[in-house]
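Residue numbers (the working numbering), protein chains in the order written: chain A, 1 to 113; chain B, 114 to 226.
Derived by calculation from the structure, the hints in this document are not laboratory data. This structure is a prediction, so every number in the text was calculated from the model and none was measured. Treat the hints with care, as some may be off.
[Unchecked claim] Okay, derived cross-link-like pairs now, DSS-like style, lysine-lysine, Cα gap no bigger than 30 Å in a straight line:
#, chain 1, residue 1, chain 2, residue 2
1, B, K132, B, K154
2, B, K135, A, K100
3, B, K153, A, K110
The primary structure of each chain is shown beneath.
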Amino acid sequence: AQSVTQLDSQVPVFEEAPVELRCNYSSSVSVYLFWYVQYPNQGLQLLLKYLSGSTLVKGINGFEAEFNKSQTSFHLRKPSVHISDTAEYFCAALTSGTYKYIFGTGTRLKVLA
Amino acid sequence: ETGVTQTPRHLVMGMTNKKSLKCEQHLGHNAMYWYKQSAKKPLELMFVYSLEERVENNSVPSRFSPECPNSSHLFLHLHTLQPEDSALYLCASSQGPGAYEQYFGPGTRLTVT
Chain A
1 AQSVTQLDSQ VPVFEEAPVE LRCNYSSSVS VYLFWYVQYP NQGLQLLLKY LSGSTLVKGI
61 NGFEAEFNKS QTSFHLRKPS VHISDTAEYF CAALTSGTYK YIFGTGTRLK VLA
Chain B
114 ETGVTQTPRH LVMGMTNKKS LKCEQHLGHN AMYWYKQSAK KPLELMFVYS LEERVENNSV
174 PSRFSPECPN SSHLFLHLHT LQPEDSALYL CASSQGPGAY EQYFGPGTRL TVT
């Protein structure tokens, strides 16, 4: 069965430091991969997505992610974080040809001054 | 109003009550979704509608009854809920039901007493 794993429930990082949020997925067929961000009291907002093509995907707010098929990973990175990046980040997968979106449990990023 | 709106934002109901959650999208999208977000658990897809037709029912109990009268409106009718149904219910819409960016509303915080 398809699943998405976000191993880190919380990641504290100092302002202007780099950050990596990890996401691993399991699927025996082609998947599309997404990263969403949720700020307090708001719905989710798309950061970036991988459908096909280049494995390095750039998104909004300076975030990027790399699709690694051999490691079944789609880690999210930002070279220098800001206080405003404090939020919860969700990785999601969609099996090609279905409507079954599967989300991870989320990673709470806390940026410290 | 722009984007995806949800009403009410907060709802407290008893186990024998009947209530409805409303979602409206102002984006001209053709697909709409209901999700359940519980603490410490992955976001759970409940229902998917494409052009007012339900295309996905993710094994949701019958005490949750969705309705999509047109492509702009989505309802979730609730009856005889259980305390474990307390959660944040998120509505989303997208251009189509496939690998398109989903736009989320702010959610309805439901408490079942």
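Hint check results:
For the given pair, B:K132 sits about 24 Å from B:K154 by alpha-carbon distance, which is consistent with the 30 Å threshold. For the hint linking B:K135 to A:K100, the alpha-carbon distance of about 22 Å falls within 30 Å, and the restraint holds. For a cut-off of 30 Å, the pair hint linking B:K153 to A:K110 stands: about 17 Å separates their Cα positions.
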